[in-house]
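K.L.:
Based on the sequences and whatever the hints tell you, model everything.
Number of protein chains: 2
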Amino acid sequence: MKLQLAIDVLTTDEAFALVQETRKYIDIIEIGTPLIKHEGIKLVKSMRTLFPEKTLLVDLKTMDVGEYEANYCFEAGADIVTVLGVADINTIKGTIKSAKKHGKKALVDMINVPNKTALAKKVNKLGADFVGIHSGIDQQNAGQSPLSDLKEVSKNVKIPLAVAGGINLDTIDDIVKLKPEIIVVGGAITGTKDPKKAAKAIAKRIKGK
Amino acid sequence: MKLQLAIDVLTTDEAFALVQETRKYIDIIEIGTPLIKHEGIKLVKSMRTLFPEKTLLVDLKTMDVGEYEANYCFEAGADIVTVLGVADINTIKGTIKSAKKHGKKALVDMINVPNKTALAKKVNKLGADFVGIHSGIDQQNAGQSPLSDLKEVSKNVKIPLAVAGGINLDTIDDIVKLKPEIIVVGGAITGTKDPKKAAKAIAKRIKGK
Chain S
1 MKLQLAIDVL TTDEAFALVQ ETRKYIDIIE IGTPLIKHEG IKLVKSMRTL
51 FPEKTLLVDL KTMDVGEYEA NYCFEAGADI VTVLGVADIN TIKGTIKSAK
101 KHGKKALVDM INVPNKTALA KKVNKLGADF VGIHSGIDQQ NAGQSPLSDL
151 KEVSKNVKIP LAVAGGINLD TIDDIVKLKP EIIVVGGAIT GTKDPKKAAK
201 AIAKRIKGK
Chain P
1 MKLQLAIDVL TTDEAFALVQ ETRKYIDIIE IGTPLIKHEG IKLVKSMRTL
51 FPEKTLLVDL KTMDVGEYEA NYCFEAGADI VTVLGVADIN TIKGTIKSAK
101 KHGKKALVDM INVPNKTALA KKVNKLGADF VGIHSGIDQQ NAGQSPLSDL
151 KEVSKNVKIP LAVAGGINLD TIDDIVKLKP EIIVVGGAIT GTKDPKKAAK
201 AIAKRIKGK
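So the protein sequences, as listed, match chains S and P. Note that UniProt numbering has the first sequence beginning at 1, numbered continuously upward. Note that UniProt numbering has the second sequence beginning at 1, numbered continuously upward.
Treat the hints as calculated values from the structure; they're not laboratory data. Any given hint could turn out to be false.
Claimed, not checked - Capping the alpha-carbon separation at 27 Å, the derived lysine-lysine pairs in DSS-like fashion look like this:
| no. | chain 1 | residue 1 | chain 2 | residue 2 |
| --- | --- | --- | --- | --- |
| 1 | P | Lys179 | P | Lys54 |
| 2 | S | Lys196 | S | Lys24 |
| 3 | P | Lys42 | S | Lys42 |
| 4 | S | Lys45 | P | Lys45 |
| 5 | S | Lys45 | P | Lys42 |
| 6 | P | Lys122 | P | Lys97 |
| 7 | S | Lys196 | S | Lys158 |
| 8 | P | Lys45 | S | Lys42 |
P.N.:
Shown next as structure tokens:
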């Protein structure tokens with residue numbers, strides 16, 4: 001299991017500071033959707049240069065032109081990009097095609113997808129590398145969590161899973177039991193006064209050390 | 001009816017050149033989704049400064065944190081931002097809330113929404129300013145066009161409509177007959193050797209002069 005730090009601040013300097021502080025404890029740097037829209041592709045290049053040992057995920061949440069968006073993101077240094085499960089199937093295929101072409105990976109984000117198990121099976125066959133089980137922030141504020149979806153999809157589909165959605169020290173143990181490939185944590189690290197300490201505590205729950 | 005130029009090149013200089021060339025004929029500058037992800041919010045500020053007479057739309061295609069993404073975009077100078085119809089209803093509400101707060105406008109993009117008329121009625125009640133009838137590029141490549149959806153939604157819902165999806169000189173007359181508030185043209189202008197000439201011809205079909 002890997003720990004992915006979801007960074008949803010808006011500026012490059014804040015993003016750098018968060019990664020620098022938590023560097024020892026995280027495996028995957030996620031440039032969040034609001035952050036990539038705010039700072040642009042230049043940030044992907046900088047992160048690649050500054051943190052070469054980390055896996056770099058860009059949360060493009062692509063809804064159209066899957067191949068076009070993924071291409072420039074991989075060329076800038078991303079290892080994984082995301083595409084929306086609610087997108088047209090041809091958009092998902094385009095993202096996967098770009099990932100294969102670059103020797104990189106595609107994650108299909110299940111946010112707001114009605115039948116997650118059915119789509120997970122379908123994109124698994126199409127060659128997606130990960131499926132993301134994801135309750136959005138606007139959904140968390142309305143009381144949703146990703147746990148039940150994670151249980152259902154992990155039981156029914158053999159594809160590496162990433163799980164995201166308000167995961168914190170109170171909720172992480174139930175997630176860890178289901179052994180997803182990637183556990184995504186944002187606010188429970190980035191929103192604290194001491195992100196380093198928070199990352200250390202979260203990493204310990206995931207890795208037992 | 002207004003003409004919106006959808007700009008899906010990837011660099012600021014190419015985008016500036018396209019607007020400069022077509023300036024006389026377009027009403028709305030659209031910073032496309034791949035372009036905002038590539039160049040970031042700085043481009044919104046530059047467009048605002050350089051083309052103060054134009055309406056500026058940023059195609060955020062927001063899928064989560066509706067208010068958060070719209071806020072920084074309006075603060076940078078956007079007049080209209082987009083949110084995905086396939087997003088959680090709370091995300092759509094967040095974008096609308098931000099628009100009202102800034103005295104600006106929210107457009108709900110119907111790309112890949114199963115029941116467009118039902119959602120258009122719903123977001124109209126919630127205070128959305130526009131509904132976007134939109135066949136994505138990956139959908140156009142699979143043979144789809146926005147015309148039948150435009151007919152159905154315009155017949156059933158009283159909300160200003162924007163229509164997008166491969167519109168060109170061959171297809172625009174059927175769109176114009178239905179009198180949408182905004183006609184979005186991308187490749188039929190930006191993909192030609194002479195964007196100025198193409199914009200002039202398209203504008204003439206829309207405005208009759």
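K.L.:
If a hint holds in the structure, say so; if it doesn't, say that too.
P.N.:
Going down the list of hints, with the structure as the test:
1. Taken as a hint, the Lys179(P) and Lys54(P) pair is honoured in the structure, with Cα atoms around 21 Å apart against an allowance of 27 Å.
2. With a CA separation close to 9 Å, the supplied pair Lys196(S) and Lys24(S) stays within the 27 Å bound.
3. About 12 Å separates the Cα atoms of Lys42(P) and Lys42(S), which keeps this hinted pair within 27 Å; it holds.
4. Distance hint between Lys45(S) and Lys45(P) is fulfilled; the C-alpha atoms sit about 22 Å from each other, no more than 27 Å.
5. Between the alpha carbons of Lys45(S) and Lys42(P) the distance comes to roughly 17 Å, so the proposed pair stays at or under 27 Å and holds.
6. Our distance criterion of 27 Å between C-alpha atoms is met by Lys122(P) and Lys97(P), whose separation comes to about 15 Å.
7. Restraint check for Lys196(S) and Lys158(S): the C-alpha separation of about 33 Å exceeds 27 Å, so the hint is violated.
8. For the suggested pair Lys45(P) and Lys42(S), the alpha carbons sit about 17 Å apart, so the restraint of at most 27 Å is met.
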